[in-house]
Amino acid sequence: MKVKNGILKGELKVKNGKLIKCTLEIKDGRIKSIKFTGDFFMHPEEKIEELEERLRDIEFDKEKLAKIIFKFFEEVEIIGASREDFVEVIIKAR
Amino acid sequence: MKFRLIIDGYRNAYENMAIDEALLFYGKPTIRFYKWRPSAISIGYFQSICEEVNLEECKKQGVDVVRRITGGGAVYHDEHGEITYSFVCPKNMLPEKILDSYKLICSSIAYGLHFLGLEAKHAGINDIVVNNKKISGSAQTRRHENVLQHGTVLLKVDVRKMFSLLKVGEEKISDKAIKNIEERVTSIEKEIGKVKEEEVIEAIKKGFEEGMGIEFHEEGLTKEEIKLAEKLREKYESKEWNFKR
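Going line by line, the protein sequences match chains A and B.
Heads up: the first sequence runs through residues 7 to 100, numbered per my numbering.
Heads up: the second sequence runs through residues 27 to 271, numbered per my numbering.
If you are wondering where the hints come from, they were derived from the structure by calculation, not from laboratory data.
Worth double-checking, as some hints may not be accurate.
Claimed, not checked - From the structure, some residues in chain B lie toward chain A, with a derived Cβ separation under 10 angstroms: (1) Ile69; (2) Tyr71; (3) Asn80; (4) Gly97; (5) Gly98; (6) Leu125; (7) Tyr128; (8) His140; (9) Gly150; (10) Asn152; (11) Thr167; (12) Arg168; (13) Gly237; (14) Met238; (15) Lys253.
Because the structure is a prediction, the values reported are computed rather than measured.
Idealized CB from N, CA, C, for every residue including glycine.
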């Protein structure tokens with residue numbers, strides 16, 4: 007969903023889980039910036055910034071995004087949502 | 027298991043969050059009970075302050091806003107409406123799985139609430155419910171091989187005030203929506219009438235004693251914890267931290 011100035015927003019309420027929101031900018035088909043917010047739990051917490059950094063400059067392609075996200079969650083624990091939900095919320099933003 | 031018991035009374039939001047982080051850093055087995063003055067909103071680590079909080083209204087009502095070190099949702103901590111606890115210990119004193127340790131701590135608190143006559147039980151990931159209505163929420167983090175879980179137990183609840191401070195869609199502030207929330211959230215006062223705060227603390231304490239086999243001794247913060255908390259308070263007061271997402 008487009009908000010303004012090319013900023014896209016997606017929201018996903020996980021069934022029996024938490025809420026994930028995603029704000030992103032796309033330039034030339036690639037992610038220029040991305041931010042996840044919400045009431046989920048991630049351990050260790052500060053790793054979220056690393057995920058956002060890893061997704062920068064990546065082509066907006068579900069499989070490519072999923073590959074990076076799945077790899078990230080090999081070493082980071084998420085509670086109240088799944089790794090698939092993080093892919094889904096990005097796709098919903100568009 | 028031997029735990030320190032800190033019955034800490036009122037502090038402001040920044041001090042409260044700084045002390046919890048200092049306790050987590052040193053990891054001395056501790057349960058701290060505390061309150062918030064002025065009333066405050068705490069938001070989860072991953073939440074956007076602008077998306078969640080009506081900052082203008084908070085300023086008008088003299089309500090502080092602070093970002094927690096823990097994930098989870100935005101909470102309104104009313105000066106007279108809740109008791110907050112923090113539970114700290116080394117990781118190896120709790121189940122390895124985070125969900126299992128939520129279960130153990132929340133079930134012990136729920137068990138404690140039974141001594142007041144409340145049919146409380148752990149529900150979902152991090153809630154305690156009475157008659158299927160939420161009475162307590164908690165959030166956990168793990169750092170430096172230690173665990174911190176902090177959470178609230180509602181003494182009384184004012185949904186209208188809570189909604190005026192949090193950003194919820196217009197449709198959610200309708201009378202019908204408020205009624206809906208009132209049907210999903212409860213408090214000790216709503217369930218069994220006014221109970222003295224000391225009695226609530228005593229009951230929860232007993233829940234931990236019998237539920238987890240904890241032995242308490244009352245003791246204050248250590249010099250090192252106080253020193254670290256003073257330093258951390260600056261972080262919690264800073265725009266950089268509170269507005270980082």
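Against the structure, the hints come out as follows:
1. For the restraint placing Ile69/B at the interface with chain A, the shortest Cβ-Cβ distance is roughly 9 angstroms, inside the 10 angstroms limit, so the hint holds.
2. Of the supplied interface hints, the one on Tyr71/B holds, with its beta-carbon coming within about 5 angstroms of a beta-carbon of chain A, less than 10 angstroms.
3. Because the beta carbon of Asn80/B sits about 17 angstroms from the nearest beta carbon in chain A, more than 10 angstroms, this interface hint is broken.
4. Among the interface hints, the one on Gly97/B holds; its C-beta lies about 4 angstroms from the nearest C-beta in chain A, closer than the 10 angstroms criterion.
5. Interface hint status for Gly98/B: upheld, as the beta-carbon distance to the closest one in chain A is roughly 5 angstroms, under 10 angstroms.
6. For Leu125/B, the interface hint holds, since its Cβ comes within 10 angstroms of a Cβ in chain A; the closest pair sits about 7 angstroms apart.
7. Interface restraint check: Tyr128/B against chain A, minimum CB-CB distance 9 angstroms, threshold 10 angstroms, status holds.
8. Annotation: interface hint on His140/B violated; nearest CB of chain A at approximately 26 angstroms, more than 10 angstroms.
9. Hint on Gly150/B holds. Least Cβ distance to chain A is approximately 7 angstroms, under the 10 angstroms limit.
10. With a cut of 10 angstroms, the hint placing Asn152/B at the interface with chain A holds, because the nearest CB-to-CB distance is about 8 angstroms.
11. A hinted interface residue such as Thr167/B counts as satisfied when its beta carbon comes closer than 10 angstroms to some beta carbon of chain A; here the least separation is about 6 angstroms, so the hint holds.
12. Contact between Arg168/B and chain A, as hinted, is supported at the beta carbon level, the nearest pair being about 6 angstroms apart and thus within 10 angstroms.
13. With its C-beta approaching chain A no nearer than about 22 angstroms, Gly237/B sits outside the 10 angstroms limit, and its interface hint is violated.
14. Interface hint at Met238/B: violated, since its Cβ lies 21 angstroms from the closest Cβ of chain A, which is beyond the 10 angstroms cut-off.
15. At about 23 angstroms, the closest approach between the beta carbon of Lys253/B and any beta carbon in chain A exceeds 10 angstroms, and the interface hint on this residue is violated.
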